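K.L.:
Each chain, written out:
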Amino acid sequence: MVAETEAVAATAPKRPGQLADFWASFSENRGAVIGLVFVGVIALMAIFAPFVAPHSPIEQFRNFTKLPPVWEAGGNWSFPLGTDALGRDALSRLIYGARISLFIGLMVMSVSIVIGVILGLVATFAGGVVDMIIMRIMDLIIAIPSLVLAILVVAILGPSLENTIIAVTVVYMPRYVRLVRGSAMSEIGKDYVTAARVIGVGTFRLMFITVLPNCLAPLIVQAALGVSDAILEAAALGFLGLGAQPPIPEWGAMLADNREFIRSNPWIVTLPGLAILVTVVAVNIMGDGLRDALDPKLKRG
Amino acid sequence: MIKFILRRLLLTIPTFLALTLVTFVAIRLVPGDPVEVRAGEHGISPERLAMLRHEMGLDQPVIVQYFQYLWQLAHGNFGTSLRTSGPVATEFFSLFPATLELAFCAMMFAILLGIPAGVLAAVRRGNVLDHGVMGISVIGYSMPIFWWGLLLIMFFSEWLNLTPISGRIDPIKFYFDTPTGFMLFDAWWSGQEGAVWDAAQHLILPTIVLGTVPLAVIARITRSSMLEVLSEDYVRTARAKGMSPLRVVGLHALRNALIPVVTSIGLAIGSLLAGAVLTETIFSWPGIGTWLIESINERDYPSLQGGIMLISSFVIVINLLVDVLYGAINPRLRHGR
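Going down the list, the sequences are from chains A and B. Per my numbering: the first sequence = residues 1 to 301. Per my numbering: the second sequence = residues 302 to 638.
These are computed hints drawn from the structure, not numbers from a lab. Be careful, since some hints might not be right.
Covered by chain B, according to a simulated footprint, are these stretches of chain A (three or more residues, beta-carbon under 8 Å) [unchecked claim]:
#	segment
1	139-148
2	204-217
3	225-237
4	263-273
Over 12 Å on every C-beta distance to chain B, these chain A residues come out as not near it, computed from the model [said to hold, decoys possible]:
#	residue
5	G17
6	D21
7	E28
8	G40
9	V52
10	N76
11	P80
12	V111
13	G128
14	V283
Below, computed lysine to aspartate or glutamate pairings styled on DMTMM-like, alpha-carbon distance capped at 25 Å [said to hold, decoys possible]:
#	chain 1	residue 1	chain 2	residue 2
15	B	K474	B	D499
16	B	K304	B	D624
17	B	K304	A	D21
18	B	K474	B	E494
19	B	K474	B	E459
20	A	K190	A	D131
21	A	K66	B	E459
22	B	K304	A	E260
23	B	K542	B	E529
None of these values were measured; they are calculated from a predicted model. All C-beta atoms, glycine included, are put in the ideal place defined by N, C-alpha and C.
Whole structure, please, built from the sequences with the hints as guidance.
P.N.:
This is the structure we're talking about:
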């Protein structure tokens, strides 16, 4: 009898785990997989920058300033993508730049998630005046044009890499708060929450262990898309001279620094922007795939 | 309806108050004593310092200072620029038309290209055209527009010599009064030959740069909203009646598909102004964006404070109008929560 049951169990198709389920749905989307691969490669490059980059990003080779890339006349194989006006290797700066941009993107995302989850859940569970105050503040932050608010924060704190992260977090955090509050509000009326309440689950546990896991799917999607927004916003601040300060190889700042050579050395200006674009596109199409896989309700077409 | 408008109006009051509080606190957190900034680099006598402090009302308690600030705002006084010693509001409103003109053209560009592109993609769903439109749209909304602007300048201005690099009009060829601040109109009004064309040429690249992200977003929203509408019963009925596909799509489907698109356009005003800061910086466009960046570079904090106050108020008012208009179109929203 026991053997029989086991035999039947063995022939029955195994119930796919949540992860396998998710992967099956995600990998259907070819674009999303390509995005994931690109993000993976860029992330690896960023992590292993000291081993991948041919030179230090800040070393100035004074005899080799404004070198074109190798495929143009006058290129030099020791500087595959050429050098900037100070003789710094463009490829090395781009690779180290991936570190800066991804770091900013991930930091902004993690801090925003933590604040978003806490404020969103507190607004939901406290309700009343607390809810109103939190949400009014979020409305206000959203009413100020994103870059203008970031500029104001940088004006107060001074331009630097750390302050870029703070400024961009302030700008994007309200989206996470609204999202968590929105999904928590729709969960809180459901039977399982009432049941948990009835058996005496404490508010804290109710917030973080009962309700939060059911709000995660849209949060993960927002997080992925939030990384790309943060990267773009930080690069814009860098471009305006209000972000990471020299000699940090930040992509936006690299563009601004070399702007005057747009005519004589178009590559110095083209490459950092291309790096930003490729990274942001990769994160975005990966995020779209995540959304379709995690949240079939949001699936678009 | 009036009740709905009133309720929305009342809801914006706390937002406005919070905004004044933010700008008031922000200006006090900025490094540097405003009195010393005004007095200049060189030291002045303590008596003179105290007098200035008194004149500027800085010897009052902070709460009193806040209410004085509110009082000033209520009288249309948004501070005094450190650069020009003129009122911030006057400077703001003399530059604002330039930004509005640019933002308006960018939005028109985005709407006129984005809606047809989205409709085409939806109608030809799954086809090469659809994939093309969606692919370009992903690139569009991932675009670092400051780089995009530089690329366009490199291509169209430096290599092809087709468009001017910066500014709103050629100051050597044309000189005329700008009563409205909207260059296209002022150029036409001046009656000078070729002025309108010159102003339009100056507008082309900035319009494309600022319009790129909204274009991508509009194309995407139009497509998904159109797809949803096309599967509705009334569209099927119209088709079954033997109506031509063009009429079905253009008349029945598009009208209903446009509701979310219109909302998103209204709500995009804020991000459009943020994009304008970058676009104006690249093209030396003499608008609010360039002015804000100059203010921050020259530590003209009163201008920054007043400018942010005015821009954000503008966005809040626009969002209010969008809400009210949306409520007028969609009665369900009016009576809902």
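K.L.:
Holds or violated: are the alpha carbons of A:K190 and A:D131 at most 25 Å from each other?
P.N.:
Holds, because 20 Å separates the two Cα atoms, which is no more than 25 Å.
K.L.:
Is A:N76 truly not at the interface, in the sense that its beta carbon sits beyond 12 Å from all beta carbons of chain B?
P.N.:
holds (23 Å)
K.L.:
Using Cβ atoms and 12 Å as the threshold, tell me whether A:V111 really stays out of contact range of chain B.
P.N.:
holds (20 Å)
K.L.:
How does the coverage statement for the segment 263-273 of chain A fare against chain B, requiring three or more residues with Cβ below 8 Å from a Cβ of that chain?
P.N.:
n = 6 at 8 Å, threshold three: holds.
K.L.:
Is it the case that A:G17 keeps its Cβ farther than 12 Å from each residue Cβ in chain B?
P.N.:
Correct as stated: the minimum Cβ-Cβ distance to chain B is 30 Å, above 12 Å.
K.L.:
Please verify the coverage claim for the segment 139-148 of chain A: does it have three or more residues whose C-beta sits within 8 Å of some C-beta in chain B?
P.N.:
Three-residue rule met by the segment 139-148 of chain A, so holds; n is 9.
K.L.:
Confirm or reject the statement that A:V52 sits farther than 12 Å, beta carbon to beta carbon, from all of chain B.
P.N.:
holds (23 Å)
K.L.:
Measure nothing beyond the straight line between the CA atoms of B:K304 and A:E260; if it is 25 Å or shorter, mark the hint as holding.
P.N.:
violated (57 Å)
K.L.:
Just double-check A:G128 for me: nearest Cβ-Cβ distance to chain B has to come out over 12 Å.
P.N.:
Non-interface label stands for A:G128: nearest chain B Cβ at 15 Å, farther than 12 Å.
K.L.:
Looking at A:E28 again, its CB stays over 12 Å from all of chain B?
P.N.:
Correct as stated: the minimum Cβ-Cβ distance to chain B is 14 Å, above 12 Å.
K.L.:
When you check the alpha-carbon spacing of B:K474 and B:E494, does it fall within 25 Å?
P.N.:
The given pair, whose Cα atoms are some 10 Å apart, holds under the 25 Å limit.
K.L.:
Can you confirm whether the C-alpha distance between B:K304 and B:D624 stays at or below 25 Å?
P.N.:
holds (13 Å)
In summary, the numbered hints that this structure violates are 2, 14, 17, 22.
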